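S.K.: With chain A held as given, fit chain B onto it using these hints.
Residue numbers (my numbering), protein chains in the order written: chain A, 1 to 497; chain B, 1 to 497.
Source of the hints: derived by calculation from the structure; they are not laboratory data.
Note that the structure is predicted; figures quoted are calculated from it, not measured.
Among the hints, a few may not be true.
All copies of an identical chain are treated as equivalent in the list; a pair is satisfied when it fits inside any one copy or across any two copies.
Unchecked claim - Once the Cα atoms are required to be at most 30 angstroms apart in a straight line, the calculated DSS-like pairs of lysine-lysine come out as:
1. Lys483 with Lys415
2. Lys389 with Lys66
3. Lys137 with Lys397
4. Lys469 with Lys397
2 protein chains.
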Amino acid sequence: MGCPALLLLHLAFLLPGVAIPVPPALRALSSLHLSTSLTSHRSVVRKYSIHYTEQKVDHFGFKTDKTFKQRYLIADQHWKKDGGSILFYTGNEGDIIWFCNNTGFMWDVAEELKAMLVFAEHRYYGKSLPFGANSFKDSRHLNFLTSEQALADFGELIRHLKRTIPGAENQPVIAVGGSYGGMLAAWFRMKYPHMVAGALAASAPIWQFEDIVPCGVFMEIVTTDFRKSGPNCSESIRRSWDAINRLTRTGTGLHWLSEALHLCTPLTNSQDVQHLKDWISETWVNLAMVDYPYESDFLQPLPAWPIKVVCQYLKNPHVSDTQLLQNIFQALNVYYNYSGQARCLNMSETATGSLGTLGWSYQACTEMVMPFCTNGIDDMFEPHSWDLKEFSDDCFKQWGVTPRPSWITTMYGGKNISSHTNIIFSNGDLDPWSGGGVTKNITDTLVAITIPEGAHHLDLRANNAFDPKSLLLARSLEVKYMKQWIRDFYASLRKTR
Amino acid sequence: MGCPALLLLHLAFLLPGVAIPVPPALRALSSLHLSTSLTSHRSVVRKYSIHYTEQKVDHFGFKTDKTFKQRYLIADQHWKKDGGSILFYTGNEGDIIWFCNNTGFMWDVAEELKAMLVFAEHRYYGKSLPFGANSFKDSRHLNFLTSEQALADFGELIRHLKRTIPGAENQPVIAVGGSYGGMLAAWFRMKYPHMVAGALAASAPIWQFEDIVPCGVFMEIVTTDFRKSGPNCSESIRRSWDAINRLTRTGTGLHWLSEALHLCTPLTNSQDVQHLKDWISETWVNLAMVDYPYESDFLQPLPAWPIKVVCQYLKNPHVSDTQLLQNIFQALNVYYNYSGQARCLNMSETATGSLGTLGWSYQACTEMVMPFCTNGIDDMFEPHSWDLKEFSDDCFKQWGVTPRPSWITTMYGGKNISSHTNIIFSNGDLDPWSGGGVTKNITDTLVAITIPEGAHHLDLRANNAFDPKSLLLARSLEVKYMKQWIRDFYASLRKTR
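Isolated chain A, as found in the complex:
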């Protein structure tokens, strides 16, 4: 079944056995200052400075004192030394500049919170490579790619900023992150509450581990998105797999399908067919994640409510196999060729190159073991059960490591987190990752915010004229909580003086 390396978070069960994509190009930045980015419909100039700090490669061992340079960005146009705050983006698995440019929310609230914005790059991604070009060479070099090391980097970076930026020392820091970055934001508040007054964890599936949530919930939500976006849409997709299987039984069929889907590389064998189905599955998953209410360019350039657009081509499941696959092509074409520039569809690409697929594949094979499954009944995919043994064997072949599926729960508590405070868990109901997220208040200060019309961390994106009301409400609540944390911080500071 499917193969995707998913947005921000990659679907681990699909990865092993699939050819590994090259890591995202590490973009060279010509200048240390003044980068510009385009966000949603508006052209916004976002000024930030780029910095590097020395980090220990291993915070948890003393055999080596080797260090590497961790990249981080600072934007302080709206920062006030008097009564201000620091919003700290806990970088996830990709180039930090891309995250910076796709987290318009922080820029939008900076003035109101008198906030300095800091975007910290996660080790082993972007330019923060502990062993340079050798970082992904083998399990020895990858040994320091863990969430614990990343959190320790954040802790050391915050101490560094407080030591070196006059005025920063006695200011509250708030962690902000989305997806895996949202998990890191939540975990950072849990493990380093002395460092951050609170955390906004957007679309953070902290419960997508072990059997905390059913393994099928993710793909069920993807399916629901398609079912609700057009008549017979999910049913058309459900039927497409068998159509592919039937069509590709012969050489002629393989050839016909390669042409019909405008594939850059024609299908030649059954392995290619599996790859095709994985790639198509990943496409539907990605669409579910970025089903935003306005034109956007996150994983790909896309129209508003892209699933609705896709579903216009998938209204009739009861057509011939060839017709169904021609419709599927039109649907894929929405995702892969919205610009109209693509000459063919490339099965080795599914999303932006700014994500570090290689690093995440390793993380999914070690700590981030997220069970996924499908049954073809509650979802629109071919049935595929979660097989830890198979997954583990594939991981060992690929990276020489054995996953530790229960470690994250030991470390971060699973469902048993009620003693922590000041974390907002926001989730969009359209987002498949909400299935592993916290969608109900745990306590007064561990709160859930749900956005019915929201896909993957929509709330972290820049303000947009097409933002649904539920999103505006969610963001205003988030700001309200953050202001409360800031007030509490200063009140407590005054008391101890």
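M.R.: Just chain B now, with coordinates in the frame of chain A:
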């Protein structure tokens, strides 16, 4: 100045440069069941079973999946499956059986709390050696000796117990520890609050790092203990250093002093003299830690209020150098020869062999960097400033590692811990480690209990007829808090069902 490898915690500043003692003998236990121990004045039979669990050598990296056997003890005579609890001793730097036998408090309260007692051995101590006889070979083998790895061991062990012992799953666990073990108990509650409902951190100097407390406070408390235990006592000791310096200028003097002090190995050079002064200093420090109100045998067999006994020999500081040193011998003899069996005093021994001096020396050279200093004015020792550079160089020579003095604060928060809950910090005013401890309430649930007549974690020792009233009060408060945590745990359990 002084050299001691101190009780439970060793005075780091004194260690480097000093010959390293062999690690404590790893006692072979003939049976897996039924050990007996003598505690204070009473003969108490304490039944426990000895177990081993597989632990990853490296919880924080995946390069290796190597495991080792961690030892732990269980005593469940008073455990009730219905409404019971689990008291979990977070083992520190030594043989867990020795800690088990010196933590009578847990045994004394087991019935009242319907508690199973678990004593978990700290990795690299006792029989829990990740690389067997090679564990201390070099920095590569020692790389996994950190507090974070130890806490992860505890977390994995608790999951293991809850999985494998019927009835344990839905019971509250309370961490208990003294000294470094107390630090671990507190840190365990801070980092793994999902694992333990609360922690009793006895004599845990969690602030003895960086400049959180003045580096001189430790030796000032030692001095105060001696000053208050007899007229001119601390002054006699203060004068003894120069007396030693003067006497040992000549070969005759060296010889005389070796005889006067009944040293097993005579002094031959200035290095020996430094070693002598370090050894004597450590003796005074150890006496301060175990200045218990009754006869005891913790570090050494000792009379009740041993400093008072020592001070009977040190009433007159204004005597000749030789007379002063003869008096010092009488004082040392209280500590080293209370049994009257010793033929000579052995400078390579200062305390029980159950402590893992080697492991602690490494820990002090990596994470547990505790600055200590003396000025000879506020304390009775020769002046010695804290010199990180010198300390660091010595650590590198000795272990091939460089200390990271600020890491513990980054990791565990220093003074900024108010967001945590359910930790009791108990301290005895006589205990030099109380200087780096939490001796005032931080919040309603981060509470300090002080015991004016208490030395080092006196509250963890078994009930004794000579226990001062302040100790009885402290223990009853501790039990009150623990019962509250247990009630809260069950109340919260009922709510979620």
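S.K.: A separate judgement is required for each hint: does it hold in the structure or not?
M.R.: Now for the hints, and whether the structure bears them out:
For the homomeric pair Lys483 and Lys415, the shortest alpha-carbon distances inside one copy (27 angstroms) and between copies (24 angstroms) are both at most 30 angstroms. Taking the closest pair of Cα atoms, Lys389 and Lys66 come within 30 angstroms of each other only across two copies (19 angstroms); inside a single copy the shortest separation is 35 angstroms, beyond that limit. In the homo-oligomer, the alpha carbons of Lys137 and Lys397 lie at most 30 angstroms apart inside one protomer (14 angstroms), although the nearest pairing across protomers, at 32 angstroms, exceeds that limit. For a Cα distance limit of 30 angstroms, the shortest separation of Lys469 from Lys397 qualifies neither inside one copy, at 48 angstroms, nor across copies, at 65 angstroms.
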